[in-house]
Amino acid sequence: MTSPQDLRYVKTHEWVRQDGELAIIGISDYAQTELGDITFIELPEVGDTIRQQQPFGVVESVKAASDVYAPVDGEVVERNDALLSAPDLVNASPYDDAWFIKIRLTDTAQVDALLAPDAYDDFAADAGH
Amino acid sequence: MPKIFAIIEDGKEFPLPEGASGQHDDDSGSDSLKETPLRSRHESLGARLIPFAGWRMPVQYAGILDEHRAVRTQAGLFDLGHMGQVNVAGPDALAYLQAVTTNDVSRLEPGQAQYSLLPNEAGGVIDDIIIYRWPTGDRYMVVINAANRTNDVAWLKQQLAARYELEVAVDDISDSLGMIAIQGPRAAGIVQRLTDAALDTLPNFAWAEATIADVPLMVARTGYTGEDGFEFYPDINQVAALWDHLLAAGRDDGLVPVGLGARDTLRLEARMPLYGNELSDEINPLEAGLGWAVDLNKGDFVGRTPIAAMKESSPPRRTVGFKLDQRSGSARTGYEVRVDGRAVGSVTSGAMSPTLGENIGLALVEREVAGVGKPLQIMIRDRAIPATQSKLPFYRRPA
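If you read the sequences in order, they're chains A and B.
Read left to right, the first sequence gives residues 35 to 163 (my numbering).
Read left to right, the second sequence gives residues 939 to 1337 (my numbering).
Fair warning: there could be bad hints in the mix.
Some chain B residues near chain A, calculated using beta-carbon distances under 7 Å [to be verified]: (1) A1000; (2) G1001; (3) I1002; (4) L1003; (5) G1028; (6) M1290.
Far from chain A, by Cβ distances over 10 Å, these chain B residues were calculated [said to hold, decoys possible]: (7) Q998; (8) R1077; (9) D1110; (10) S1114; (11) P1141; (12) D1190; (13) G1227; (14) S1266; (15) S1268; (16) G1311.
A few chain A residues that face chain B, going by a derived Cβ cut-off under 10 Å, partial list only [as the list claims (entries may be wrong)]: (17) L56; (18) E68; (19) S95; (20) K97; (21) A99; (22) D122; (23) N125.
By construction, these hints were calculated from the structure, which means they are not laboratory data.
Note that CB positions come from ideal geometry on N, CA and C, so glycine has one too.
The task is simple: from the sequences and hints, build the whole structure.
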């Protein structure tokens, strides 16, 4: 498994794509594979604050319900409403079409401290066994 | 998502297709899990294997939704090697089965099958079962749930010891008998290509001896999906050969292997109960909506008195079906059910129905609030999600 090189990751299987003061957040390919067919997604409202390691949303598959955790602190500036009506986008395109939210970062340094792709791949490979 | 699959591994949230909540002590060490003869097939087919009722079983291959739809529109193949089978034989086999089950076994003709229950003395349910009467002789086969196997066999032997005057032998034959199912509208066509037996003459809930793909076996027109199909009982050593032949014969018809995940959504749409969810040793068959599998007029049987008393006074709880009124996460096992803010029961099974595209579920609720069209609220992550009670089953196959 090789995760996209331009993202940072956390052990709860979310990713962050930073663009200056802004960042988008989603869940990893490993996460969507483990969950299986995704049937429901709950996202925060624009203007909500998210806090690192705290849940900001919910993703459900046929067999499981799971919180989605904030990898960093920030304020929600946009959310991907397409996921609400088509949650299976997460299975099809976890790193592109199926981003969850866009946030304004509270502290951009938080992103630098997250897992690099190779470190995350090692972690996910271990978690898979 | 820190606890992916925690739900399945807990055995709580994920409705276990033959599971019993809290009854799989032997799951903890995955090394001690039992395996069916198809383990290596599952791996090469890309299955995700999980601990289930003491077995290592496939929960999915390509994905639950695809597998579910394949069974509804084409056909699916199931490894049911974890299920248990008990042989009941002897001149008093009928008298014995009448005493330990709820349905009227005397109505079973040779070669027929019957859904029934193993009741306890209090009128609760030890397991739900299928009783097959052999085509010849005083012989029956009782198919039991994997999670309850040890318990069931001990109970059946204990009941036998208490009736020492009966001439009957009770034997757990699970380790020597295999079990595979093929289900779906194209199942009969696929199987027919592999046998000279005239399968179209085999009625629903009947079984017969046959040779399929050169494998001698018992073939039953039974299943747990709401579709037409068959369950096969070959010798355990022939299971892999039969599986391979069926999968190859059905490839052009869209036959795919199906795991426990889709097995559960299929049976829920068809409103088939799952032991540990809709049934338990503390749920009376009448509360579970299974009065049709109880014959109070067949003579005495274990638990008859409390079941008859509950029928007289009307069951205080009912099993109802519901659909969520709005887009939401699924109602899952154990979630609280309310009416006007008051707790009235709990969800026994729930899922996003792949066929209907709606969130469906079954709940055990106080009698007073039960009724098709009446409202419920399902507590999903601390929010009361409105639901409406619906007719059952959620899905019935086209005639």
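Does the CB of A:D122 sit less than 10 Å away from some CB of chain B? 8 Å, holds
Using 10 Å as the Cβ threshold, decide whether A:N125 counts as touching chain B. This hint holds: A:N125 lies near chain B, its Cβ roughly 8 Å from the closest one there, short of 10 Å.
Given a cut of 10 Å on the nearest C-beta pair, is the interface hint for A:S95 held or broken against chain B? It holds, given that the least Cβ distance between A:S95 and chain B is near 8 Å, below 10 Å.
Using Cβ atoms and 10 Å as the threshold, tell me whether B:S1268 really stays out of contact range of chain A. Contrary to the label, B:S1268 does not stay out of reach of chain A, its closest Cβ about 6 Å off (not over 10 Å).
At 10 Å, judged by beta carbons, does B:P1141 keep clear of chain A as stated? 33 Å, holds
Please confirm whether B:D1190 is truly not at the interface, meaning its C-beta sits more than 10 Å away from all C-beta atoms of chain A. The assertion about B:D1190 holds, with a minimum of 25 Å to chain A.
Does B:A1000 hold up as a contact with chain A if the rule is Cβ-Cβ below 7 Å? Violated, about 10 Å.
Cβ separation check - B:Q998 to all of chain A, threshold 10 Å: 6 Å, violated
Closest CB-CB distance from B:D1110 to chain A, is it above 10 Å? For B:D1110, whose nearest Cβ neighbour in chain A is about 30 Å away, the distance exceeds 10 Å, so it holds.
Is the Cβ of B:S1114 more than 10 Å away from each Cβ in chain A? The claim stands: B:S1114 keeps its Cβ more than 10 Å from every Cβ of chain A (closest is about 32 Å).
Hey, does B:R1077 actually stay past 10 Å from chain A on C-beta? B:R1077 is indeed farther than 10 Å from all Cβ atoms of chain A, at 39 Å.
Holds or violated: is the Cβ of A:K97 closer than 10 Å to a Cβ in chain B? 5 Å, holds
In summary, the numbered hints that this structure violates are 1, 5, 7, 14, 15 and 17.
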